[in-house]
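> Sequence:
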Amino acid sequence: MVEGNILVRMDAADILEQAGFRVLDVATADMAMQVLQRHGHELNLLFTAVGLQGTHNGFALARRAAADHPHISVVVASGHDRPGPGELPDTACFIEKPFSAEIVHAHLQRIMPDERKPAPLREKQASSH
1 MVEGNILVRM
11 DAADILEQAG
21 FRVLDVATAD
31 MAMQVLQRHG
41 HELNLLFTAV
51 GLQGTHNGFA
61 LARRAAADHP
71 HISVVVASGH
81 DRPGPGELPD
91 TACFIEKPFS
101 AEIVHAHLQR
111 IMPDERKPAP
121 LREKQASSH
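Residue numbering for the sequence shown follows our numbering, starting at 1 and increasing by one per position.
Read the hints as simulated data drawn from the structure, not as lab findings.
The beta carbon of each residue, even a glycine, is placed where N, CA and C say it ideally should be.
Since no wrong hints were added, every one of them can be taken at face value.
Just the calculated beta-carbon pair ranges, DEER-fashion:
1) 96 x 31: 22 to 32 angstroms
2) 10 x 86: 24 to 34 angstroms
3) 53 x 117: 24 to 34 angstroms
4) 68 x 23: 12 to 22 angstroms
5) 55 x 122: 32 to 42 angstroms
6) 110 x 17: 18 to 28 angstroms
7) 114 x 5: 28 to 38 angstroms
8) 85 x 122: 31 to 41 angstroms
Turn these sequences into a full structure, and let the hints steer you where they fit.
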């Protein structure tokens, strides 16, 4: 999970944990690149914002993850920047912010392999992030 805004990062991490994922969260693209280099073989999902501090944005991070670790599913989220042609890997999906747990869950159901599909959502008030 890569998101510069701590509140959004906490909310998104909570959604991913509810879906059954163990979450490693970082604030910058550079930190995410370090995590990918060290732990990419262990990761199943990269969930990243587009606007990130560091040398890469979320689109570049998604492309790098897909190239170096093709087993990782990728979700990119933004409330401002939409992907242009070639900005996202073919296997990635884009979610507009603010997003709800239901929207994230639906996208994860679509892109994750069967053996890694998210757990069903728990009954809880939906909130937007």
